[in-house]
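Undergrad: Protein sequence lines, in the order shown, are assigned to chains P and B. Under the working numbering, the first residue of the first sequence carries the number 72, and numbering increases by one thereafter. Under the working numbering, the first residue of the second sequence carries the number 72, and numbering increases by one thereafter.
For the record, the hints were derived by calculation from the structure and aren't laboratory data. Nothing here was measured: the structure is a model prediction, and the numbers come from that model. The reader is advised that the hints may include incorrect statements.
For identical chains, the list gives no copy identity; a pair is met inside one copy or between any two copies.
Within a straight-line C-alpha distance of at most 25 Å, the following computed SDA-like cross-link-like pairs (lysine to any residue) qualify [to be verified]: (1) K73 to D96; (2) K130 to Y75; (3) K321 to F213; (4) K160 to G211.
2 protein chains.
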Amino acid sequence: MKTYLDCFPCFINQALRAARIATTDEAKIKRVMDEVGAMFREISLESPPPATGRLVYQKVHLITGNPDPYGQLKDLSTRNALALYPRLKALVGESENRLLMAVRIAIAGNVIDFGTNRAFDMEREVDTALTRDFDTCDYGPFEDAVAKANEILYIGDNAGECVFDKILIEALNRPVTYVVRGAPIINDATLRDARQAGLDRVATLISSGTDAPGTILETCDEAFTSIYNQAELIISKGQGNYEALSGQEKEIFFLLKTKCPVVARNMGTEEGDLVLKANP
Amino acid sequence: MKTYLDCFPCFINQALRAARIATTDEAKIKRVMDEVGAMFREISLESPPPATGRLVYQKVHLITGNPDPYGQLKDLSTRNALALYPRLKALVGESENRLLMAVRIAIAGNVIDFGTNRAFDMEREVDTALTRDFDTCDYGPFEDAVAKANEILYIGDNAGECVFDKILIEALNRPVTYVVRGAPIINDATLRDARQAGLDRVATLISSGTDAPGTILETCDEAFTSIYNQAELIISKGQGNYEALSGQEKEIFFLLKTKCPVVARNMGTEEGDLVLKANP
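Chain P with its partners taken away, still in its complex shape (with noise of 0.2 Å):
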């Protein structure tokens, strides 16, 4: 997905959130905000806006000295998701169609999102991604993809969001790798998150080793370039992943819920949507 013009304030918006978190220093946020404005020139409206987040997130780090600023609100997210897991498992217990109930909640799990400009409240969206309808739903294809497939490639994306992925990924029957991000950005899983969810449990976990919130895959590791291009059935999980890999030539699902009106549009949805979504 191409960068809009949209996405420019809302650079701005990230880096001033991200910096607040990191420092309280008045003066290196405001040198995060020139630094940010003074990119822009080199901004591609070509390049997916991941990439973007990528250089806003490392200017927050270099001039705060904070690597990851929403550390502890990962930690938090995860806590949280855990607590509401013996619930979420009960109701794929009693769906009459469970793989979809499991769908729903992975789903669910994208609104814990510190990068968009959204606020959220965990219970209350499980409560409506478990009753709403789908607004783009590729359901259908996505069983059958899912029956045939020997092994799935699972593109992780949040912390915390990762324990609603093990849902799914139970539900999946299929043996799954999970890829978590290289390295701390916004509030994107790592190893750490993943292992904090139990999803080395039920999944072989790797990382794709970018620094980017989207799997942007020149900013990967060769090790996971390889498994991507050999992947028969891949899973993406949010919004940054999407935009990394909305033009891929690869049998891709993508489960999110939009949160910004620029990838919606994108989508052909509405801001706050569900969408399960076959690629292309």
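Using the hints, position chain B against chain P.
TA: Only chain B this time, still in chain P's reference frame:
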């Protein structure tokens, strides 16, 4: 008022909105983003926000070639406000305290603002402004100051709002000099807009000479600053004039609706409040 860190995303938002009204050429709009972003380094947190607003809209003009993106919206605002005028005039006539009602109406008119992020509904806002309490009400001192004044310097803000100001000027029962901007900037009133609103029939119209969206004295012409320095009582409308004049040692009453969290915080009020505040 100084510039807050929250102003930076807002500068970019304003630049984007104005550029989109000024042109449909995406490359030019991108250049506006680039140039405004690059400008951040030169913005001191000690400067009043309208000083940057001025530079932002200069960039929009320079890059898009459109000197007055909001011209048509201003005309529409004035027409809509003129259609409300008979009803507003009747409301004052029926009031027990005509001056207070006229003050409320003048503040209600301050909702007309295309610079901030708020959408507005002129008629609904008028209804709200006429019934809700002032959140910072220096009405007593205001009434006394008007009674004692030989003449009043009234610094206007936006086109359309001028019609609401006419209602207050008619209720003041004092000679009024009404001040407009020296050049089009956002939807701020110029001489043309004030005349369209019929203000030339109730006040002496002058320009401050500024091309900023607020009366930053350093950007005003000598004719105005001389009148300003001699003024015994000043009525200042809107956020931009408050941001520019709030540090001044003059008898000023600020009449406005707070339309952004930064100004609200600075005034010690909530966003959306109706404010009549004596300086200091």
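Undergrad: The structure should be examined with respect to each hint, and the outcome stated for every one.
TA: These are the hints, each one checked on the structure:
1. K73 to D96: between (34 Å within a copy, 17 Å between copies)
2. K130 to Y75: both (21 Å within a copy, 20 Å between copies)
3. K321 to F213: Result: close within a single copy only, 14 Å intra versus 70 Å inter.
4. K160 to G211: Cα proximity of K160 and G211: one copy only (22 Å, versus 64 Å across).
Violated hints for the displayed structure: none, as all numbered hints are satisfied.
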